[in-house]
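*Asks:* Sequences listed follow chains A and B, in order.
Taking the numbering used here, the leading residue of the first sequence gets 1, the next gets one more, and so forth.
Taking the numbering used here, the leading residue of the second sequence gets 1001, the next gets one more, and so forth.
If you are wondering where the hints come from, they were derived from the structure by calculation, not from laboratory data.
Among the hints, a few may not be true.
[Said to hold, decoys possible] Simulated pairs of lysine-lysine, PhoX-like, Cα-Cα distance not exceeding 20 Å: (1) A/K116 to B/K1024; (2) A/K116 to B/K1056; (3) A/K117 to B/K1056; (4) B/K1056 to A/K62; (5) A/K67 to B/K1116; (6) B/K1090 to B/K1056; (7) A/K89 to B/K1024; (8) B/K1083 to A/K117.
[Stated by the list, open to error] Beta-carbon label-pair distances, calculated as ranges: (9) B/M1022 to A/T90: 14 to 22 Å; (10) A/I86 to B/Q1058: 28 to 36 Å; (11) A/K89 to B/A1124: 16 to 24 Å; (12) B/I1120 to A/V30: 28 to 36 Å; (13) B/W1089 to A/E33: 39 to 47 Å.
The structure displayed is predicted, hence computed values, not measured ones.
Note that beta-carbon positions come from the ideal geometry of N, C-alpha and C, so glycine has one too.
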Amino acid sequence: MIEVLAGLVSGIVSGTGMGGGTILILFLSVFLEFNQHTAQATNLVFFIPTSIAAIIVNIKEKNINWKVAIYISITGIIGAIIGAIIAGKTDVNNLKKYFGYFLAIIAIHEIYSLTKKYIIRKKTHNKINIK
Amino acid sequence: MKIVKIAKNTNNKIFFAKNNNMIKKIIIGLLAGLVSGFFASGGGMILVPSFIYILKMQDVEARATSVFCILPMVITSGIFYYKNNYINWKTGIMCAIGGIIGGIIGSKLLKKIPEKYLRIAFTAFLIYTSARMIF
């Protein structure tokens, strides 16, 4: 039941468009004490059905930029192969630490974009007016 | 003045599109793939901001395209994690059931709760857990 709840919370977060996968990995590794590799792999199972549903909606609403999508997908697959091989060879505790650093970087970026969006709002309004 | 500004802008855009866009796309894709394979998540965290800031895409278009691009990366890295026997199917499927319901609730909730507070809560949560993971 705890797993369904964890999925529910991260589903809500990804529905609002803020990286539900990271939340799920956090739940699994920090609160359910899965090892980092298993937590990450389990997130993949979670992601596939959720994203397929989102993609179908997006194709119907014609939101996808296909030119960009094709290039990014092809190069992304190459990157993913390299990344997954490195992850498989990385020690569990180190991987957990790296993930922590990665989250810290995301947090910093979030703070940056939040301040940009809500505090420096007036400037962007002026720019739009000029255009 | 305004006309000159617009002309400069369009000139820059054409120049930018011809020379740098392809290389930028390749670099963004490789980087997102690397992160996505290594952490099994976070590809979107790279893709969405780089689509918006570097490729100058609209917010909705950027999010939609990123979800589409991440799926092949996730499937590829999933094969490697599967080979190493890291996948816990039972938990994964249980989480996915919760995830689908949560996704529907989340997309409806977004219209009711201001995004600002959600993001502040999300950031606070990230800071707390990242500290717990590093130390």
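*Asks:* Could you run down the list of hints and mark each one as holding or not?
*Replies:* Going through the hints against the structure:
As the CA atoms of A/K116 and B/K1024 are separated by approximately 24 Å, the hinted pair breaks the 20 Å bound. Of the pairs offered as hints, the one joining A/K116 and B/K1056 holds, with about 16 Å between alpha carbons and a cut-off of 20 Å not exceeded. Note on A/K117 and B/K1056: the hinted pairing holds, with a Cα-Cα distance of about 16 Å set against a maximum of 20 Å. With a CA separation close to 18 Å, the supplied pair B/K1056 and A/K62 stays within the 20 Å bound.
Restraint check for A/K67 and B/K1116: the C-alpha separation of about 32 Å exceeds 20 Å, so the hint is violated. As the CA atoms of B/K1090 and B/K1056 are separated by approximately 41 Å, the hinted pair breaks the 20 Å bound. Distance restraint check for A/K89 and B/K1024: the Cα-Cα separation of roughly 29 Å exceeds the 20 Å cut-off, and the hinted pair is therefore not satisfied. This hinted pair does not check out: B/K1083 and A/K117 have alpha carbons roughly 43 Å apart, beyond 20 Å.
Checked against the hint of 14 to 22 Å, the pair B/M1022 and A/T90 fails, with Cβ atoms roughly 32 Å apart. Between A/I86 and B/Q1058 the Cβ separation comes to about 34 Å, which falls inside the hinted range of 28 to 36 Å. A beta carbon spacing of about 34 Å between A/K89 and B/A1124 contradicts the range 16 to 24 Å that was offered as a hint. At about 20 Å, the beta-carbon gap between B/I1120 and A/V30 misses the expected band of 28 to 36 Å.
A hinted range of 39 to 47 Å is violated for the C-beta pair B/W1089 and A/E33, which are about 18 Å apart.
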